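One line per chain: the protein sequences are G and V, in this order.
The numbers in the first sequence follow the working numbering, run straight up by one, and end at 429.
The numbers in the second sequence follow the working numbering, run straight up by one, and end at 359.
Worth flagging that the hints you see were computed from the coordinates, not collected in a lab.
As the structure is a prediction and not an experimental result, all values here were calculated from the model.
Here are some of the chain V residues that sit facing chain G, going by a computed Cβ distance under 10 Å:
| id | residue |
| --- | --- |
| 1 | N43 |
| 2 | V44 |
| 3 | M302 |
| 4 | L324 |
Calculated Cβ distances over 12 Å to all of chain G for the following chain V residues:
| id | residue |
| --- | --- |
| 5 | V71 |
| 6 | A96 |
| 7 | S122 |
| 8 | L149 |
| 9 | L206 |
| 10 | L212 |
| 11 | A247 |
| 12 | Y257 |
| 13 | P277 |
| 14 | K355 |
Here a beta-carbon is modelled for each residue, glycine too, at the ideal position from N, C-alpha and C.
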Amino acid sequence: MRKFFTFTIILLVCFSLVGCGKSKQETSPKVTIWHWMSDRQDAFEQLAKKYKQENQINIKFELFPHSAYTQKINAAVAANDLPDLFGILGEKRVLASFAKEGKIEDLTSYMQEAQSSWKRRFIDICLKVNSFKDNNIYDVNPGIYGVPIDAMSIQFLYNKKLLKEEGFDPNTPPQTFTDLLNIAKKAANKKDVYGFASGWGETWLIYCMATNYAFDIMGQEKFLDTIKGKVSYTDPDWIKVFSLFKDLQQSGSLAPGIITMNNKEAEQIFATNRTFFTFNGSWGVNTYQQINPELEYSTMAPPRANQNYAPGVWAGAGASFVVNAQSKNKKLAIEFLNWLTEKEQQIFLIKETSNLPSIKGLKKNIQSDMKYFLDNQQYFTHPRLWPENENSRVVEAINRGIQNIVIGEKTPQEVAEEVAKTKKQYSQQ
Amino acid sequence: MNKKEQLINFSFVAPALAIFSFFYIIPFFYTFWLSLHKASPTNVLDLNFVGAQNFKDIFSPQIFIVLVAVVGIFLILFALKNKFQKLSLNNKKGLAQTLQFATIAIGGACLIYAATTFITISRQAIDFNPDLQWWNSVRRSFYITLWGLTFQNCLAFILALGVDRATRTGKLYRVIFFLLPVLGEVIIGLLLRIMLSHYPGVFNHLLENIGLGQWAQNWLGKDMALATLAVSHCWRGFGYGFIILLAGLQTIPEQLYEAARIDGANAWHRFTKITVPMLVPIIFLVIILTILGTVQIIGLPMALTRGGPAGKTTVSVLRIFYDLNNSHVGYASAEGLILGLILVTLSFGMLKISKKMKS
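Using the sequences and the accompanying hints, generate a full structural model.
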């Protein structure tokens, strides 16, 4: 009996050791990439196949759910088990943390090889969101730490057909916020049509719109001063920003349930000609085309609430990959990224995934609807370009506060005070 | 028992102990360790030791020192009452005494810490500022738990009583009622979202079509979202309670009912004098499982409302998840520990009540 137990235990140990090891016969992938972009996995796999044929190097794209991706990366950092290439979600300080800890490679020298041919390929703003300047607040060595594989912009969209039906010129979208409200109010004349719909259940879209108007009302400098703590959120300009949402709510033009609506639902409403205006990113084009190829729409600059400053429009890299600084396959990974951002691959990617390219000179290859999202470039900005980002608790308070304004539970003044209190609390810490 | 025998006995427990330590004990202490840290504002990977700061932020320093003082007094009283002698320590008096001194020392340290912090707070005039967002999320979790304990468990009990008597169709009902818990929380959440949200608003259309249009409303709006979430959770979860209660009902010997019938007991008397008393341990088990299962929901609110509108359905675990996503690892760990402590206290309390009722 004892012999039997000993034999069984030895057998089990052997099995587990074999299980832990890697098979030598298996041709292991040379470069492993982690990402969260489920809509791009097929295109990535096709590109990996092509790369293998051209360069005899295996590329393995591993897809993880968006909601669990950050935890997956954090766990890999703790276990020192990061893949060769991966994407980083979140604020610039997260990218900064990886750079500061030496987890990701500074790509500046690679980008500058051959008279900066790789660097010069990119649209400026796409590269900037992954770069750190001298004397940045994160104390990261200046350089380029990520390679953008596509681009995006988040814009106001208007439905040309609905505007025409109400007697407005479909080629002249509203220029001011008051014009927007006046047109949106006309939705009341139509059954099951709303003035404005957006996926405000996903609160970051609220923050995006609020910051666009903060730029418009107070200017970029004052906005950044608020983040630095020099200007309070109870400043009259901030109350004006919050009041815009009150105006939208009072106009009665908001789609019912807008603050629980997710982005996909808002996209469906816009695609089915059920809202005059929406606020969405370039990724929505896919949904619009799938649901209603006949949809007539265009982008417009944020209808101005103030003429003194320029509004903001969030734009930049849609997704970027960073290189694991400790990877043995670092060189191969960088070569692959270089290849991935060449013209041919970029054309394939934008065609397959309906996204904007991260490199210059492909305007003629962009499908017609997508081109609209390259409009209003003079207003392009992105939180990753700002020298400092707001504390996530304060952002949460702004988003929650605006939701409270929209459901009529709080006034802009009350929200401003609450946000200022949160800001004070977290500044002290 | 000699040492060799002890070693052999221990080897039987060792694999289970190793697995338990790896998956429960070590993560627990690691979570506690993390809860004493805070990420640097400019580097989320750089965790700085901040001691009990996260707990102070959650409770507010004032409540925190009261809690520390209470824990200190409790530990000292526990040790002074010589409770360690009652523990089975193979009559090792030395070990019991060491434990007693250590507990008194920890209790004393707690009291000293509370006193020094109290002096610091009173000098600095710190505002009373507990994290209301967190405590509101805990309140919402317990609101849903209340629905679970009442509506969900009553429904499970009534259905279990009905199916217990249904000899022919019992198996079919068991499958039907247990189908919902088998489906994932997220699947149920997404289905309900399609049914209940304003767009496409299947449920409201249904109400209009059957002439109850006046009842149509925004089920996920500010007034109804939390109640909708609670009812959805109960609807999804009653199957668990149903199966456990049904199993409990079927363990009650039929002879008891027959004897009662012969003695002239009516249905109500049989229910109150036989069914309920015999089911008490099972009922308490269902209550504990309901509390543990409901306070920890995350998938359903995430799919149904994402915690909105304006945070009105952000339950405690969802809040922890959002904190983790925003790189507040230490704070989220502290929140997790507090929630765990509340649940452990409640579960032990329920077990104690159950034991008393049984005796």
